[in-house]
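Assemble the whole structure, with the sequences as input and the hints as a guide.
Protein chains: 2
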Amino acid sequence: MKFTIEKTCSITGARAGILETAHGIIETPIFMPVATKGSVRGMPWDTVEDLGASIVLGNTYHLHIRPGEQIIERAGGLHNWSKWPKAYLTDSGGFQVFSFARRGQAKIDNQGVTFKDDLEGKTHRIGPTESMAIQKSLGADIVMAFDHCPPANATFEDIDIAVQRTYEWAQKCLDFKLQDYQSLFLIVQGGRFEELRQKSLDQLISLNAEGYALGGISVGESREEVDKVVKSMAHKLPDNKPRYLMGVGTPRDLIVGISSGIDMFDCVLPTRISRHGSYFGESGKAESITKKSNTEDLDSPLVKNCTCATCLRFSKAYLKHLFQRSEITVYYYLSLHNLHTLLNLSRQMRSAILENKMQDFLNNHPMGHLAFIK
Amino acid sequence: MKFTIEKTCSITGARAGILETAHGIIETPIFMPVATKGSVRGMPWDTVEDLGASIVLGNTYHLHIRPGEQIIERAGGLHNWSKWPKAYLTDSGGFQVFSFARRGQAKIDNQGVTFKDDLEGKTHRIGPTESMAIQKSLGADIVMAFDHCPPANATFEDIDIAVQRTYEWAQKCLDFKLQDYQSLFLIVQGGRFEELRQKSLDQLISLNAEGYALGGISVGESREEVDKVVKSMAHKLPDNKPRYLMGVGTPRDLIVGISSGIDMFDCVLPTRISRHGSYFGESGKAESITKKSNTEDLDSPLVKNCTCATCLRFSKAYLKHLFQRSEITVYYYLSLHNLHTLLNLSRQMRSAILENKMQDFLNNHPMGHLAFIK
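Residue numbers (the numbering used here), protein chains in the order written: chain A, -15 to 358; chain B, -15 to 358.
Honestly, I wouldn't trust all of these hints.
A pair counts as met if it fits within one copy or between any two copies, since identical chains are not told apart.
Claimed, not checked - Derived lysine-lysine pairs resembling BS3-like cross-links, with alpha carbons at most 27 Å apart:
#1 Lys106 to Lys275
#2 Lys70 to Lys288
#3 Lys358 to Lys220
These aren't lab readings, by the way, just hints derived from the structure by calculation.
Next comes the structure, spelled out in structure tokens:
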């Protein structure tokens, strides 16, 4: 993997870069659609590719449980098994198994997590080495370290333990021999405590990994708390390496994150909210297609001037009708719009960075001011 | 509308024709995907078009209840409301309201049907004139007469009444002034009684409509009963007009129907069975993706040599995984294969007819012999 920064915005610190992987070039900043179980929910790969996605995210926990990494390895890895030719990133499964812990279904010790899966109730044990072994079999281009991800409301002491474990586990992950083309990213923990975030960051930077992520975000904090962490931490991550903000991805999050110097994002929201009839509206906020005035709105697309295939073709009235009559095609049309919104926003911001126009861009975007709030 | 027969197979009576409508040319024989509520379930229009569909079927009853024909008319009709640029056919709603009657939720008299809808329980009344008025507003290229469709197990006397009503209502439908570009097809009833089928056919042919359909099929009879009706009736329908077999569409049905001289088919099966993990297999019969041996079948597509986008890309193992993990993208991939199977089969048979190769085609197709059973 090779990462090159093409330009850094002198006002905000936002970066435009090129990430070269064995499965194609990724122009950053980039939003990564989530393909938890090897498919972006409801979106054929052709559409995902047409939307301009160059990397998607698979989930180690889910793929380990089903179909199992052995069969994916036999198929030649995630790319060939799922037939997504471009880049893949796999998260480590940490986030999922720690959410079991929060529900009392898992036990954590210094070597890893023992838990019962949510399908058959079988007992599993995953630690840093197990996670690396699974991810090696899955064969993603970017592999995430197995970290300790505590809940947002954990105490200082508990988060301190998580930071220490994350550090020790990161070393074990780095010691594991992945496939030659795979790159390992480490995940900074520390929750809402700046002191612990700084400690985690210093520890992990000392290990000199190929990329860094901010983790333990969006596990229950307020938007403002997340913004604070992102704004205070992103620029401290190594300058010459990709910076990834995990599990975050709405238009506002991209504005704040990219302006803070983040290069990569992922989030299930664009496809998930479509199943509730929601879409990213004019201002970037989620709106409901069921809004009363949409019933007779035969002229307006979801968002005026949006260039996605949904907005170029359909009226709000038609889409509301499909949603209310449970016509599942509407999930496709709304997801397409939502994914386009994020992929297009990241492209627009990339152009603005390259052309020294970030100030203009932020001034003109309804949510641009969020980038400047300290 | 203009219908031209290009060639008739001298052995089977199968026909290749061209149906010209205000929304494009339809090469027959043709399978029509069903877009009940203005969308083919789970299939974006782009895909429906890529598959080569040139006409789809909307449902008068469902569209009347929601969103109502007024709003569709205001949008400029079905084509512009749903943004399907090619041809539309609307069924009359008869089939739906008579299925209410079977459940005791409707009262039938000589002028029409009074029923409560299945959404809000409001009372509606639809007869031939009402159905025509709705279909005029919907604006499909082909409009179906409002017929009396009795259940498969109805008595001779009951079906005789239905035949008589269908005749009287057909006259009322013909009297109604539709839009200039719209064509009305009449629907032959008569159930399993050859005498009544013949009577209905004679009555309706005397009215000289633009096209004819066989109705009251697939309402509970066996495949063999359906085949018998199709084989005995299709060739008696006017030679120079489109012949449409309603609600029927599996590979076997297309083989039997096209060989009997039918030009048009529609059926919800290709999209419906995909939601149960089923697809048209090698022989044309529906098979389940959940079959045990598929778990490890990383090499085979659904059907060897199938040229659909699903078979060109994915293994059975991957598709089974998606289905078992409730990944909704699989409904798209299976529906695409199923629709392709029918659209491609009708194209292949059309070529065989045009090239005088129907005998070869039927000899080589695993279900071809069904065309020759008397």
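Hint-by-hint comparison with the structure:
no.	hint	in the structure
1	Lys106 to Lys275	between (44 Å within a copy, 23 Å between copies)
2	Lys70 to Lys288	between (31 Å within a copy, 26 Å between copies)
3	Lys358 to Lys220	within (16 Å within a copy, 81 Å between copies)
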